[in-house]
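K.L.:
Protein chains in written order, with our numbering: chain U, 1 to 209; chain A, 1 to 749.
Keep in mind the hints are simulated off the structure, nothing from the lab.
Please read these numbers as outputs of a predicted model, since none were measured by experiment.
Only true hints are included.
Derived lysine-lysine pairs resembling BS3-like cross-links, with alpha carbons at most 25 angstroms apart: (1) 113/A with 244/A; (2) 107/U with 225/A; (3) 244/A with 225/A; (4) 311/A with 333/A; (5) 107/U with 244/A; (6) 355/A with 466/A; (7) 113/A with 107/U; (8) 19/A with 35/A; (9) 107/U with 247/A; (10) 355/A with 380/A; (11) 55/U with 66/U.
Chain A is faced by these chain U residues, among others (derived, beta-carbon under 10 angstroms): (12) 116; (13) 120; (14) 124; (15) 127; (16) 149; (17) 150.
From chain A, some residues computed to sit far from chain U (all C-beta separations above 12 angstroms): (18) 131; (19) 400; (20) 641; (21) 646.
Note that CB positions come from ideal geometry on N, CA and C, so glycine has one too.
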Amino acid sequence: MHEEIIHTDSTSKEKQNYVMLELGSTPAYGWPAFKQVVKRTVNGELFVGLWITLKEMGKTLFKGGKHTTMYPFEKMPISPRYRAIHNMLRLLESGHYRCIGCGLCEKICISNCIAMETRYDENQRKEVSEYTINFGRCIYCGYCAEVCPELAIVHGGRYETASEQRASFSLFDDMLTPIDMLKQQQEFAGFGSVTPNADAAIKKTPLAY
Amino acid sequence: MMDIRENRSQKISVTIDGKVCEATTDDTILRIARKNGIYIPTMCYLSKVEPIASCRMCVVEVEGVEGAILSCQARATDGAVITTKSNHLHKQRQNIMKLYNVNHPLECGVCDKSGECDLQNKTLEFGVNAQSFTAKDMLRPVENWGFVSYDPALCIMCEKCVRVANEITGNEALQISTGGYKSTIVNVKKDFNDASLGESAAVCPVGALVSTDFKYRSNSWELDKIPATCAHCSSGCSLYYEVKNDKIYRVTNDFEFRSLCGAGRFGFDFANENASKDSEAFTNAISAFKEADTIRFSAIISNEEALILQKLKEKYDYRLVCDEAYGYQQFLKAFGSVSGESLYSANLESLSNSKGIIVLGSRINDDNPMVKYHINMASKRNRARVVYMHPIEDSNISNIVTQFIKYEVGSEEGATALLANTLLQDKELPSSLRDFLNDLDIGNISAESNIGEEELAALVQSLDKKTGFTLVVGSDLYDHPRAVQIAKLIGAIEKYSDFDVLLVPPATNALGVSLICALDDNAGDYTIGYNAVGDFELSCLGDGDLDMPALNQQEGTFTTIDKRVVPTNVALSYNGYVLNDIANALGLEAVYTIDYTSMLPSKAGFKAMTFDELPFGFDVSGVEHRGYLLGSKPVKTVEAFEELEEIPTYDGAIIYRCNEAGQCNMLTNRTEALKQNEVCLKGSAQFATVAKITDGDEIEYMVDGIRYKRRFKLDSSLKGTIALHPNYDMELSSTLVSSYRFSHLALEQ
Numbered sequence: 001m002h003e004e005i006i007h008t009d010s011t012s013k014e015k016q017n018y019v020m021l022e023l024g025s026t027p028a029y030g031w032p033a034f035k036q037v038v039k040r041t042v043n044g045e046l047f048v049g050l051w052i053t054l055k056e057m058g059k060t061l062f063k064g065g066k067h068t069t070m071y072p073f074e075k076m077p078i079s080p081r082y083r084a085i086h087n088m089l090r091l092l093e094s095g096h097y098r099c100i101g102c103g104l105c106e107k108i109c110i111s112n113c114i115a116m117e118t119r120y121d122e123n124q125r126k127e128v129s130e131y132t133i134n135f136g137r138c139i140y141c142g143y144c145a146e147v148c149p150e151l152a153i154v155h156g157g158r159y160e161t162a163s164e165q166r167a168s169f170s171l172f173d174d175m176l177t178p179i180d181m182l183k184q185q186q187e188f189a190g191f192g193s194v195t196p197n198a199d200a201a202i203k204k205t206p207l208a209y
Numbered sequence: 001m002m003d004i005r006e007n008r009s010q011k012i013s014v015t016i017d018g019k020v021c022e023a024t025t026d027d028t029i030l031r032i033a034r035k036n037g038i039y040i041p042t043m044c045y046l047s048k049v050e051p052i053a054s055c056r057m058c059v060v061e062v063e064g065v066e067g068a069i070l071s072c073q074a075r076a077t078d079g080a081v082i083t084t085k086s087n088h089l090h091k092q093r094q095n096i097m098k099l100y101n102v103n104h105p106l107e108c109g110v111c112d113k114s115g116e117c118d119l120q121n122k123t124l125e126f127g128v129n130a131q132s133f134t135a136k137d138m139l140r141p142v143e144n145w146g147f148v149s150y151d152p153a154l155c156i157m158c159e160k161c162v163r164v165a166n167e168i169t170g171n172e173a174l175q176i177s178t179g180g181y182k183s184t185i186v187n188v189k190k191d192f193n194d195a196s197l198g199e200s201a202a203v204c205p206v207g208a209l210v211s212t213d214f215k216y217r218s219n220s221w222e223l224d225k226i227p228a229t230c231a232h233c234s235s236g237c238s239l240y241y242e243v244k245n246d247k248i249y250r251v252t253n254d255f256e257f258r259s260l261c262g263a264g265r266f267g268f269d270f271a272n273e274n275a276s277k278d279s280e281a282f283t284n285a286i287s288a289f290k291e292a293d294t295i296r297f298s299a300i301i302s303n304e305e306a307l308i309l310q311k312l313k314e315k316y317d318y319r320l321v322c323d324e325a326y327g328y329q330q331f332l333k334a335f336g337s338v339s340g341e342s343l344y345s346a347n348l349e350s351l352s353n354s355k356g357i358i359v360l361g362s363r364i365n366d367d368n369p370m371v372k373y374h375i376n377m378a379s380k381r382n383r384a385r386v387v388y389m390h391p392i393e394d395s396n397i398s399n400i401v402t403q404f405i406k407y408e409v410g411s412e413e414g415a416t417a418l419l420a421n422t423l424l425q426d427k428e429l430p431s432s433l434r435d436f437l438n439d440l441d442i443g444n445i446s447a448e449s450n451i452g453e454e455e456l457a458a459l460v461q462s463l464d465k466k467t468g469f470t471l472v473v474g475s476d477l478y479d480h481p482r483a484v485q486i487a488k489l490i491g492a493i494e495k496y497s498d499f500d501v502l503l504v505p506p507a508t509n510a511l512g513v514s515l516i517c518a519l520d521d522n523a524g525d526y527t528i529g530y531n532a533v534g535d536f537e538l539s540c541l542g543d544g545d546l547d548m549p550a551l552n553q554q555e556g557t558f559t560t561i562d563k564r565v566v567p568t569n570v571a572l573s574y575n576g577y578v579l580n581d582i583a584n585a586l587g588l589e590a591v592y593t594i595d596y597t598s599m600l601p602s603k604a605g606f607k608a609m610t611f612d613e614l615p616f617g618f619d620v621s622g623v624e625h626r627g628y629l630l631g632s633k634p635v636k637t638v639e640a641f642e643e644l645e646e647i648p649t650y651d652g653a654i655i656y657r658c659n660e661a662g663q664c665n666m667l668t669n670r671t672e673a674l675k676q677n678e679v680c681l682k683g684s685a686q687f688a689t690v691a692k693i694t695d696g697d698e699i700e701y702m703v704d705g706i707r708y709k710r711r712f713k714l715d716s717s718l719k720g721t722i723a724l725h726p727n728y729d730m731e732l733s734s735t736l737v738s739s740y741r742f743s744h745l746a747l748e749q
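Just chain U, same shape as in the assembly (with noise of 0.2 angstroms):
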């Protein structure tokens, strides 16, 4: 039974299409080896491969064939299911921040790290006044953006956060998109979205040859 079944498989009777290389025979002993020796080393075959070295250094440099992303000064794109310091978002119609105040970051957050002050402003409308987020203890889980109600803190792709101090990214204007950026702010795309470059970034897999 065991050998039937080894036969019938189809693929083991097809032509295999290995090919047996021509290495030539090795020096067996002293004066032939050493002639091998002396051949190798002056008839060129080093240049050449020099040569191939050089034409892709050349191409690198002078044909854009460079690979290489210069960090830190070139980020590659990220998720935007990845999260990293947050942003606080603004109107974009009014420019005013999107924050209500109404502590809802506040209270999911279980790692603690958020603190707000709200106040009654002049217009009626319940102003934060302080509002930090300590990134000592953040644990970027999310939950301060999936919860808020108006779109206004979402996760950003600023993943760099080594600072000489943590306070560096911690207040809300520090989050805030610039004023004058309003124009580029990027609405979150939502939970489960996929990046900017995702079609780009397909590549075929063996299964599709």
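Fit chain A to the known structure of chain U by using the hints.
P.N.:
For chain A alone, coordinates are given in the frame of chain U:
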């Protein structure tokens, strides 16, 4: 009369949702249900006022009765079978909730009430997730009424605030402007920014009436509730300091059953901040204690601290001087020597249930707002007769006072004797007292004190055929030169007449201090002042020689006007030294101040309960379970009355020590909400003429050896030649109040 009363309290049994409940005939269905843990939803019901019956959520079905019954106002009958839950009732309640939600602004995200909102809860409870009714919306701007703000758009017209303003606080500022969908609450006293409107805001089930200062400051769920006792006056109301980040944001209370006054509600930020352990000052304090022969202290103190001071006295033979409590202690002692009990019999609840009330020797609206609230409750609920006996008429309580009896300044002894004579007329008395009363020269006293015999006759007549009387006695009498004799007469009224007596303690813990400390009447050469003036001052105001914690920074107990020992807890942190540290350095041994709670003298009626055993709160039917009640101890009676003394004449310009304008003491004036920038001597035009001053004059005068610099302000609500002289702004000197409250104005040029 008696038959009806007995009939009223007949025991019945009713069946609610299949559960057999024992009750009495004067209980409403809702109250019986709550007492038995059966839930009936309500929107407008507030336990502490009469049923409002505006929401109709509390409908129930009674077997054999057509239609739905409002359980909040319907009394149960024996054998009734009541259903509180059915599909029909649920649909009815759901419809009510749908109507409440018509055009209710969807601003829960910023609303202060969110998280503790009745509308929110009930909307979710009845699954109202769509608007099936609509009405044309209209502009309804927010109104700022000073201490509170009103947003008509959020208002659901439950009327709780109006009821509280009328029935509890008695400011009568709020009214309903009816007009269907256009109905609103209107404030008819907008010019008078009244802190007692805070009570109306407290009961608001939605975010319509809120504290202006707290508005949009914090979400309710972010605040920690610290159960505590108000430190401002002797009513010792239960409250919660709501704290976040070591800062008090607001004060709330069990508004379903109890109230607070404006000072308790808004005067919470009196803590001694930034105190630290200054070891040098501490060493100085210890050496000062070694040197001193007197400790002078304020009655704004906990029982435990008072006991520490008493123990220090026993150990080092200090003189203990407490000007605020000394007169009261002597008064209580003399009172007991006739009444036979160490304590008076009335309390705030019995006061609010009275049908006849006499207030003697106190400007009660300013002296103790909570007592005034309870008089107001009695007036509004029982149509109680309120007789106000005082040299100055008080226009603030004219709406509840049915008879004002004015007597001359200084004639309190005569007034009390006349009152005793009137109230004890047909009572059976021991011969010594009867002889004393018979020997009174009524005509002469009446002439001297200016109390007409016909006024007393009218008083007797108005109380005729009523039961349940309370005599409220205030601090004009405690510091009177003839206080002992007055106290004995009051004791006789307590013992032999139908009146229960309420001796209003003059300061926060004056009653506790009176029971715990053996006080001396005068100070020696070197005085330690604990929240009082002294050669070395321990002060919670932060300006003394050594910092002490304010009463919201320490735990301990107070003895309240209800003769209840109540706990208070730490709301704000305090890093400095406390009295217990000094006591330990002086040889007493206790880890914490509250270790003394169980050592409070059982001889005076205290129980040997530790601090942590003291309960705090109310049960569902509103019965207070907070601390414990002091036991009154029998006292040996000595009924010896003296002859009445000649009444001293108080002619010319008189000033009356009185902390008006919602202030209680030196602490309330430190708070942001209540602080007065300029404290004035307020008097009538007649006073100005007699004192030869005019409105706005800067004057200087001396009282009890303290120099006061005040602007004089004409007050049209006052009459006569007596001006109101506040001392709450005098910081530590404000506790030096041992003398009679009325004095001649001694102007200095």
